[in-house]
Every structure is written in structure tokens, then in C-alpha cells.
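Chains as they are written, first to last, in the working numbering: chain F, 1 to 297; chain V, 298 to 566.
To be clear, the hints were calculated from the coordinates, so they are not data collected in a lab.
Keep in mind it's a predicted model, so treat the numbers as computed, not measured.
We treat Cβ as the ideally placed atom computed from N, Cα and C, and that holds for glycine.
Please note that the accuracy of each hint is not assured.
Claimed, not checked - To spell it out: a stretch of chain V is covered by chain F in this simulated footprint if at least three of its residues, at any positions, have a beta carbon under 8 Å from a beta carbon of chain F; those stretches are:
1) 332-344
2) 390-396
3) 425-432
4) 476-487
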Amino acid sequence: MIDADRAAPGLERLIPREAELERLHHGMSFGEGPVWNRRDGSFWWVDIVGDTIWRRPRGGSAEVFMRPSTHANGLTFDRQGRLLVAGWASRSVWRVEANGSVHTLASQFGGVKINSPNDIVVQSNGAVWFTDSPGALYNPGMEADDLQQYLDFQGVFRIGPDGTLTAPIRDTVYPNGLAFTPDEKTLYVNDSRLGEIRAYDMRADGTCGPMRLFHKLEGSEPGIADGMKVDREGNVYCTGPAGVHVIGPDGKLLGRLLVPDHCTNMAFGDDDWRSLYVTTYHALYRMRVGVPGVEVW
Amino acid sequence: MAWRFERVAGPFEGPAAGLAWDGAGMLFSILSQGPRSGEGRILRLAPNGGDVSVFRAFTNRTSGIAFGRDGALYGCQELSRRIVRFNPDGSASLLATLVDGRMHNLPTSLALDSRGRIWFCDSKSPLRTSGPLIYPQVDFQSIFLLERSKQAWHLRRLASDLDTPRAIALSPDERTLYVADRQGLHAFTIRDDALDARRRLSERALSCLNVRHDGCIVACAGAALLVLEASGAVRETWPFPGGESVNCAFGGQDLYVTTTAGELWRGRP
Numbered sequence: 001m002i003d004a005d006r007a008a009p010g011l012e013r014l015i016p017r018e019a020e021l022e023r024l025h026h027g028m029s030f031g032e033g034p035v036w037n038r039r040d041g042s043f044w045w046v047d048i049v050g051d052t053i054w055r056r057p058r059g060g061s062a063e064v065f066m067r068p069s070t071h072a073n074g075l076t077f078d079r080q081g082r083l084l085v086a087g088w089a090s091r092s093v094w095r096v097e098a099n100g101s102v103h104t105l106a107s108q109f110g111g112v113k114i115n116s117p118n119d120i121v122v123q124s125n126g127a128v129w130f131t132d133s134p135g136a137l138y139n140p141g142m143e144a145d146d147l148q149q150y151l152d153f154q155g156v157f158r159i160g161p162d163g164t165l166t167a168p169i170r171d172t173v174y175p176n177g178l179a180f181t182p183d184e185k186t187l188y189v190n191d192s193r194l195g196e197i198r199a200y201d202m203r204a205d206g207t208c209g210p211m212r213l214f215h216k217l218e219g220s221e222p223g224i225a226d227g228m229k230v231d232r233e234g235n236v237y238c239t240g241p242a243g244v245h246v247i248g249p250d251g252k253l254l255g256r257l258l259v260p261d262h263c264t265n266m267a268f269g270d271d272d273w274r275s276l277y278v279t280t281y282h283a284l285y286r287m288r289v290g291v292p293g294v295e296v297w
Numbered sequence: 298m299a300w301r302f303e304r305v306a307g308p309f310e311g312p313a314a315g316l317a318w319d320g321a322g323m324l325f326s327i328l329s330q331g332p333r334s335g336e337g338r339i340l341r342l343a344p345n346g347g348d349v350s351v352f353r354a355f356t357n358r359t360s361g362i363a364f365g366r367d368g369a370l371y372g373c374q375e376l377s378r379r380i381v382r383f384n385p386d387g388s389a390s391l392l393a394t395l396v397d398g399r400m401h402n403l404p405t406s407l408a409l410d411s412r413g414r415i416w417f418c419d420s421k422s423p424l425r426t427s428g429p430l431i432y433p434q435v436d437f438q439s440i441f442l443l444e445r446s447k448q449a450w451h452l453r454r455l456a457s458d459l460d461t462p463r464a465i466a467l468s469p470d471e472r473t474l475y476v477a478d479r480q481g482l483h484a485f486t487i488r489d490d491a492l493d494a495r496r497r498l499s500e501r502a503l504s505c506l507n508v509r510h511d512g513c514i515v516a517c518a519g520a521a522l523l524v525l526e527a528s529g530a531v532r533e534t535w536p537f538p539g540g541e542s543v544n545c546a547f548g549g550q551d552l553y554v555t556t557t558a559g560e561l562w563r564g565r566p
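Given only the sequences and the hints, what does the whole structure look like? Please build it.
Next comes the structure, spelled out in C-alpha cells:
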């Protein structure tokens with residue numbers, strides 16, 4: 001049974017009291033990038049420091065998909081089922097083609113290198129959004145080859161369906177997790193440095209409205225705003241002090257799941273999208289939840 | 298010698314710290330607070346026109362800086378707990394940060410020798426580290442040496458048992474290493490690429506050490522600059538009108554001083 005701070009009665013329906021946290025894999029140095037592949041029922045994640053993309057086939061055990069991996073961070077799938085990678089130390093976003101080759105989607109903006117892509121999500125129209133935190137430039141132990149920041153902002157980029165790279169959000173300090181509401185009218189972006197989740201209304205032209213503060217994370221325990229996902233009812237699941245914070249669509253905290261080890265990200269998965277997979281520095285966990293997550297393409 | 302000091306740049310948004318003369322202009326680091334200002338930058342003063350330009354932005358609190366014989370600038374990037382190489386093409390490179398699987402702590406000051414090796418002092422600090430600590434940090438405060446063999450840099454610990462070392466300098470013959478910590482000024486004899494005998498030359502707390510060609514040490518001590526003999530004896534005391542000094546360095550015939558108020562001052566004889 002998982003421990004939780006239950007700040008509001010609404011958490012019970014989302015995270016049943018009898019929910020168990022099952023450890024599926026361990027031994028990583030810095031787990032991240034969890035994503036469920038709906039096409040074959042496999043689960044994927046990374047070890048940033050271990051420089052590996054991991055895959056766990058349906059019913060099987062973990063196997064190495066790619067090593068080295070440019071210290072890959074966030075993973076997702078596009079509408080064609082291709083793996084998209086927030087490349088962290090490669091300072092680029094890249095895609096793995098069906099034949100296994102790698103195709104770079106974004107590496108420069110305005111003629112200079114971007115920072116270090118952190119997490120990534122695909123919109124229903126095919127646009128790819130990713131956070132561009134400067135972590136691989138500054139964080140010791142997980143560095144890019146070139147440590148210099150060239151952009152004068154740390155924001156959120158959009159790769160349009162036509163491949164055009166734009167920077168709709170530039171007012172974040174350390175943008176990290178990002179997720180759309182189920183209707184895709186709002187994009188949530190969390191900021192590790194500020195410890196908050198921001199909301200941006202989406203415009204039809206691929207730009208965003210002004211920032212609204214959605215939620216300020218609570219707690220003094222270890223843990224930061226890092227990975228973030230949304231369920232089909234619009235509840236937000238975000239890493240933070242002590243584990244995973246569950247926040248209602250109104251921005252109010254429903255409760256915190258107390259995860260052992262330092263929690264880095266999470267992803268909904270399994271065929272009914274009602275399992276919440278959680279990565280920590282050293283392990284991958286899974287638990288059953290009450291409300292399915294927003295599906296990944 | 299009497300110096301006439303004047304403020305030539307600043308104040309900037311954060312303390313001014315390291316200094317490095319590039320042969321025609323003076324580079325000085327600014328420790329700006331906050332990620333929006335890149336936690337600091339390195340500026341360059343062109344002495345003739347007095348123009349200040351940005352040499353490097355987003356330096357993540359790079360404090361001590363020094364040029365190597367390879368023409369590159371090296372710096373102590375405090376929030377990233379490492380020495381970095383600011384390459385002439387505008388990029389920046391990692392050297393080495395691990396000793397026996399542990400990271401060193403926080404470097405503040407470095408000295409490069411004629412063989413391109415980097416001597417630096419490293420102390421514990423309450424300053425936050427950028428990102429998570431992947432590797433544990435060493436539990437001592439030390440002097441380290443970075444050496445390059447072929448393409449790889451290697452890190453070696455030379456001495457510990459220091460009390461928050463913050464300034465380091467080599468004698469002109471590179472046989473003596475001077476280190477300032479909270480206990481005063483120490484001199485180590487360099488023998489076979491290692492530190493041998495240690496002598497305590499002074500009990501004064503000094504924030505910067507700069508060895509002149511004649512072997513004397515020019516040091517910052519708050520609102521005064523001291524000239525010390527190689528023995529540690531004070532030869533001269535120069536009042537400094539610019540407030541609390543951080544670092545000093547010669548550029549041509551001039552003496553430049555950085556201050557905690559974020560200013561660059563220049564002294565002329």
C-alpha cells in the first residue's frame with residue numbers, strides 16, 4: 001500500500017487506499033522519461049546518467065534499447081508511433097525511425113544551439129512541444145559536450161507539423177515537465193527552479209496566451225517539480241517534495257503520494273491507461289489508479 | 298608606491314570577482330544573482346576607450362579566471378562545482394571533476410603554470426549546486442591539480458586540512474604555491490609535482506593573491522591592498538578607496554581591483 005498525504009477527500013477516487021507500489025526494475029543512476037507504447041504494450045524509460053534508453057516488452061523484463069543515448073531524457077511517441085527523444089546532452093530533439101536510424105528534429109534556434117531538451121509531448125495536430133531547460137549545461141554529472149548557454153531564455157519550444165521551430169513560451173526559468181489538458185486548450189508547464197506549475201492557454205496559431213499560475217508546490221522534503229502528466233478528468237500529477245503531487249483541475253492539492261527514493265517523472269500506461277508508472281533515480285515503479293491518464297499517441 | 302585609484306566600470310548587478318588580463322584588455326567576472334542573468338557573466342574592459350563588453354554570458358557564477366598558454370580562458374564555475382574551459386570559439390568544455398568517484402566541492406581560485414596545468418583551491422560552501430548531486434562530494438577542503446594527458450584531463454588531490462581556501466597563486470619559478478584560507482597565508486614547496494613542506498606566512502585573512510614578477514605578493518585585505526615579501530612580511534600597505542576588495546591583477550602598468558559592490562577599479566602609479 002502506498003503512503004499518501006490526503007489533503008482532500010477527492011484523492012481517494014484517484015488513488016485508492018489499497019493501491020500498491022510495485023517495483024518493476026531497479027539499478028539505474030537517474031531514471032526518467034517514462035512512456036507507454038500503446039502499439040505493442042511495451043514500456044520505455046531512460047537512465048540519463050547511465051546513458052541508456054530502456055524498454056520492457058509486454059510480459060517481459062527490461063532490455064537495453066539504446067546505449068549510449070546522448071544521455072536522453074524525456075520520451076514520447078508521435079502519431080506515427082515513432083519514438084521522440086528530448087536529447088538532453090545532445091542539445092537536440094531527435095526521432096528514431098522505423099529502420100532504427102536517428103533523425104534530428106531541432107537543434108538550433110535563431111542560429112544558435114538550444115539549451116538541453118528535457119521533456120516532450122505531442123499534440124493531436126502533430127505539433128511537438130518540448131521544454132528546453134539548461135540542465136545539461138550546468139548540472140554536474142550529466143553534462144553536454146558544450147557547456148555554454150547561447151539562448152537568452154529557457155523556454156518551451158514547438159515543432160510545428162511542418163517542422164518549423166518556434167518558442168511560444170520564454171518566461172520560464174527552468175521549464176521541466178509539460179502536459180496538455182484533455183481538451184488541449186491549456187498547456188501546463190512546471191518550473192523546477194520556481195517550484196510551480198504554470199498554465200498557458202493555447203491559441204489556434206500555435207502560440208500561447210500569458211502565463212497563469214496554476215499551482216505552487218508544497219513541502220520541504222527532497223523533491224522538485226520535474227515530470228508531470230494529466231488524467232482524463234484533468235487532474236494533474238506532478239513530482240515534487242516527497243513524491244507525486246496530485247492536483248485537481250482547479251489547481252488545488254488533492255494529496256501527495258509518498259514515493260520511496262527521489263521521484264523524477266511518471267507516465268500513464270497499460271491497455272486501459274489506468275496504471276501510473278513512476279521513475280525515481282534508481283527504480284521504475286507501477287501502481288493502479290482510479291482514473292485513466294491522457295493517452296500517448 | 299602611491300597609487301591613484303579610480304572606478305572604471307560598474308557597479309554591476311552582483312559582486313565583481315576574478316580578473317584576467319588578455320594582453321590588451323582586462324576581463325572581470327560578475328557574480329550576478331539569479332538564472333535570468335545567467336548567474337553572472339564575464340565582462341571585458343578596453344582600457345583605451347573604457348568600453349565594457351560582454352566576453353561571456355551565462356557563466357553560472359564563474360569566479361576566478363585565468364588564461365592558459367593555449368590562449369583559452371579557464372574559470373572556477375562555482376554553482377556547477379567545476380573548472381571549465383571557455384574556448385576561443387565561444388563554446389565551453391568540461392575538464393575533470395571526480396576523484397575516486399567523488400566530486401570536489403566548490404572551486405574559487407585557480408593558477409595555471411607554464412605546462413598548462415591548473416592548480417585550484419576547493420572548499421565546502423553553503424551555495425546551492427545546480428541540479429541534483431549525482432556523485433557524493435569529497436569531505437575535505439583541498440588543493441587540486443588538473444593535468445592533461447593526450448585528450449583527457451585528470452584530477453589529483455594535493456593537500457587537504459585547509460580552512461575554506463579561497464585564493465591560490467604560483468611563484469614566478471613555479472616552485473612555491475601560495476594559498477590563502479581563513480587561517481592566513483600558507484606557502485607549499487612544490488617537489489616532484491606534489492606539495493611538500495607547508496609554511497604559514499601570515500595570519501591575515503586575504504581574499505586574493507597575485508604574485509608579481511619580483512616574487513612579491515599583492516593581496517587584497519578588505520579596504521587595503523598589501524604587498525608581502527615571499528617570506529610573508531608586509532612590505533607595503535596601500536589604502537584602497539573603493540570599499541571591500543575581492544581580487545586584484547596587473548594589466549600593463551596598471552593595477553585593477555574588483556569589489557564586492559560590483560565595481561572595477563584601476564590604480565595608476
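Okay, the hints, checked on the actual structure:
1. Counting residues of the region 332-344 of chain V whose CB lies closer than 8 Å to any CB of chain F gives 3, which reaches the minimum of 3, so the coverage claim holds.
2. Check on the region 390-396 of chain V: 3 of its residues sit with their Cβ under 8 Å from a Cβ of chain F, so the three-residue criterion for coverage holds.
3. Only residues whose C-beta sits within less than 8 Å of a C-beta in chain F count toward coverage, and the region 425-432 of chain V has 7 of them, enough to reach three; the restraint holds.
4. Counting residues of the region 476-487 of chain V whose C-beta sits closer than 8 Å to any C-beta of chain F gives 0, which falls short of three, so the coverage hint is violated.
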